[in-house]
Structure formats: structure tokens, C-alpha cells
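Asker: The listed protein sequences derive, respectively, from chains A and B. Numbering-wise (numbering that gives the first Met the number 0), the first sequence opens with residue 0 and increments by one. Numbering-wise (numbering that gives the first Met the number 0), the second sequence opens with residue 0 and increments by one.
It cannot be assumed that every hint is accurate.
[Claimed, not checked] Each pair of labels, with its calculated beta carbon distance range:
(1) A:84 / B:47: 53 to 61 Å
(2) A:163 / B:44: 23 to 31 Å
(3) A:93 / B:33: 50 to 58 Å
(4) A:115 / B:68: 25 to 33 Å
(5) B:33 / A:150: 38 to 46 Å
(6) B:80 / A:163: 16 to 24 Å
[Unchecked claim] Non-contacting residues of chain A with respect to chain B, defined by C-beta distances greater than 10 Å in every case (computed):
(7) 29
(8) 42
(9) 110
[Claimed, not checked] Chain B stretches covered by chain A per the calculated footprint, using a threshold of three residues with CB under 8 Å from any CB of chain A:
(10) 18-25
(11) 30-38
(12) 61-73
These are computed hints drawn from the structure, not numbers from a lab. Beta carbons: idealized from backbone N, C-alpha and C, even for Gly.
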Amino acid sequence: MRIELAQVTQLKTEAKGEQTERLLIILSKGTMDMAAPAFMIATTGATMGKEVHMFFTFWGMNAINKKTVNSMKVASVGNPGVPMPNILGMIPGMTAMVTRMMNGKAKKAKMPSIPDMIKMAKDLGVKLHACSTTMEMMGTTKDLLIPEVDDVVGAATMLSLGEGGQIIFI
Amino acid sequence: MSTVEQHKVVDSRGSFCPGPITDLFKAYRSSQLGDVIELLATDPAAKADVTAWAQKSGNQLLDIVDEQGYTRIIVKITKKRS
Numbered sequence: 000m001r002i003e004l005a006q007v008t009q010l011k012t013e014a015k016g017e018q019t020e021r022l023l024i025i026l027s028k029g030t031m032d033m034a035a036p037a038f039m040i041a042t043t044g045a046t047m048g049k050e051v052h053m054f055f056t057f058w059g060m061n062a063i064n065k066k067t068v069n070s071m072k073v074a075s076v077g078n079p080g081v082p083m084p085n086i087l088g089m090i091p092g093m094t095a096m097v098t099r100m101m102n103g104k105a106k107k108a109k110m111p112s113i114p115d116m117i118k119m120a121k122d123l124g125v126k127l128h129a130c131s132t133t134m135e136m137m138g139t140t141k142d143l144l145i146p147e148v149d150d151v152v153g154a155a156t157m158l159s160l161g162e163g164g165q166i167i168f169i
Numbered sequence: 000m001s002t003v004e005q006h007k008v009v010d011s012r013g014s015f016c017p018g019p020i021t022d023l024f025k026a027y028r029s030s031q032l033g034d035v036i037e038l039l040a041t042d043p044a045a046k047a048d049v050t051a052w053a054q055k056s057g058n059q060l061l062d063i064v065d066e067q068g069y070t071r072i073i074v075k076i077t078k079k080r081s
């Protein structure tokens with residue numbers, strides 16, 4: 000499947016006299032507990048006046064895929080942070096249960112949902128970039144991505160977006 | 000151009016990071032130089048976060064007042080980003 004590379008959003012920091020600090024967050028994991036901190040940091044970075052870019056690669060694409068963005072899960076297997084014996088995580092339905100538990104906790108703490116976090120981040124000027132290789136590999140096309148995605152880029156573009164700034168890999 | 004300085008109260012009580020700072024930022028976006036924003040927060044991280052934000056954005060932290068069960072953080076807008 001061929002991917003049409005969208006016009007790359009302006010790479011250069013707009014010259015405003017002073018150099019804007021940059022923050023690049025690379026999200027490579029596709030669970031709610033990975034995506035939420037990524038968006039929280041992005042949003043906060045934007046309020047601190049940083050130019051914030053998010054690059055979604057591998058399972059991180061779940062956060063910008065129309066099909067999965069509303070139903071991101073929390074892993075019950077291979078996640079020793081979950082307060083139960085890890086072997087129980089293999090039982091069918093456990094992922095759903097752990098996800099429900101975490102969503103409940105998030106709601107209680109008035110934490111916004113992932114789609115709401117995306118809207119907030121966009122409102123503050125955060126740029127969302129999808130990884131072209133992952134799209135090719137997974138057979139994802141641009142129309143399957145949420146409209147908030149700015150463009151589809153490669154690693155070189157991604158690195159240039161973070162050049163001289165802070166880079167966080169999740 | 001309006002020169003009347005405003006005093007806005009932003010109630011972020013009950014929301015946690017990054018809630019208070021984004022609420023503050025939204026108020027900051029619609030404010031003018033000289034305005035004072037008073038942020039009410041229950042998140043214990045808000046004090047340090049707003050202090051860091053003010054320092055970073057060049058705005059002035061006027062006061063942090065501990066009230067019963069929440070904190071009032073008062074910021075004066077002294078720098079606006081274009």
C-alpha cells in the first residue's frame with residue numbers, strides 16, 4: 000500500500016525574534032497509561048511556551064487512529080505495576096477489567112479522556128505527526144487517522160523537529 | 000484599547016495536573032498586560048507548577064495563600080506572548 004506523504008508542516012521555528020524552546024515527544028506504545036502522560040506533558044509544555052511536537056510510531060499510532068483512539072486499553076500482562084499476580088493477567092477478560100479499573104480511577108481524578116486530551120493539546124498548538132513507516136507496515140492510510148493529525152513524516156523530519164530541544168521517548 | 004486591569008478568578012479545584020496549569024493558561028491567553036489571575040487549586044502540585052510557569056513565561060507570581068482545603072495562587076500578567 001502506498002502512502003501519500005502529506006505536506007510537511009513548517010519545520011523551521013517561526014522567527015519571532017526569540018528562539019522558542021522545543022519539545023518532542025515520541026509515543027511508541029499503544030496503551031492508555033502510556034498515551035495519557037504523553038499528552039499531559041505535551042499540553043503542559045505548550046502552556047510553558049514551548050513548540051511541542053508529538054511523533055506517533057508503532058503502537059503509539061493507536062492514539063491517533065480513529066478506530067482505537069476512543070478505546071485505548073491498559074495491559075494486564077507484562078505490567079507488574081498492576082496490583083495483582085501477573086499470571087492472572089492472562090485470564091480472558093483481564094485486560095478489559097484492568098482498563099475499566101484504570102478508567103474509573105482516571106475519571107475519579109477528573110482526568111480527561113484521551114480524545115479530550117488530544118483536543119486540548121491541539122487547541123494549545125501541539126503538532127501531531129504520524130510515522131510513515133508504521134503506516135506502511137500496518138497498512139494504515141491517512142483517512143484512518145483522526146483529523147487532528149497534522150502530517151505523515153519520517154524519522155529524519157521527526158529528528159529535525161526535536162533538534163536542539165528536549166526529546167522524550169515513551 | 001482597554002486599559003482597565005482585570006482580576007479574574009479561575010477555579011480549578013478538584014482537577015489535577017495538568018488541569019490547573021491549562022486552566023491558568025486559558026485565562027492567560029485571553030488576558031491583557033497588567034491583569035491579575037487568581038487560581039484556586041486543590042492539586043498539591045499546583046504551587047510548584049505555577050511558580051515554574053510564571054518563571055518560564057516571564058509573569059509575576061504575587062502570592063500563594065493557603066486556604067481551608069485549597070490554595071489561592073495569584074499571578075500578575077507582565078508578559079504576553081504574541
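Asker: State for each hint whether it applies.
Answerer: Hints versus structure:
Against the hinted window of 53 to 61 Å, the Cβ-Cβ separation of residue 84 (chain A) and residue 47 (chain B) comes to about 37 Å, which falls outside the hint. For residue 163 (chain A) paired with residue 44 (chain B), a C-beta distance near 28 Å keeps the hint of 23 to 31 Å intact. The beta-carbon spacing between residue 93 (chain A) and residue 33 (chain B), approximately 56 Å, falls within the hinted interval of 50 to 58 Å. Restraint check, residue 115 (chain A) to residue 68 (chain B): a C-beta distance of roughly 26 Å satisfies the suggested window 25 to 33 Å.
Here the CB-CB span from residue 33 (chain B) to residue 150 (chain A) is close to 39 Å, well matched to the stated 38 to 46 Å. Evaluation of the 16 to 24 Å hint for residue 80 (chain B) and residue 163 (chain A) yields a pass: the beta carbon distance comes to about 19 Å. For residue 29 (chain A), the condition that its CB be more than 10 Å from all CB atoms of chain B holds, with the nearest at approximately 22 Å. Not every Cβ of chain B is farther than 10 Å from the Cβ of residue 42 (chain A); the closest lies at roughly 5 Å, contradicting the non-interface assignment.
For residue 110 (chain A), the requirement that its beta carbon stay farther than 10 Å from each beta carbon of chain B is not met, with the minimum near 7 Å. With 5 residues having a beta carbon nearer than 8 Å to a beta carbon of chain A, the stretch 18-25 of chain B meets the requirement of three or more and the stated coverage holds. A stretch counts as covered by a chain when three or more of its residues have a beta carbon under 8 Å from one of that chain; for the stretch 30-38 of chain B and chain A the count is 0, and the coverage is violated. As drawn, the stretch 61-73 of chain B meets chain A at 0 residues by the rule of a beta-carbon pair under 8 Å; below three, the given contact is violated.
Of the hints listed earlier, those the structure fails to meet are numbers 1, 8, 9, 11 and 12, in rising order.
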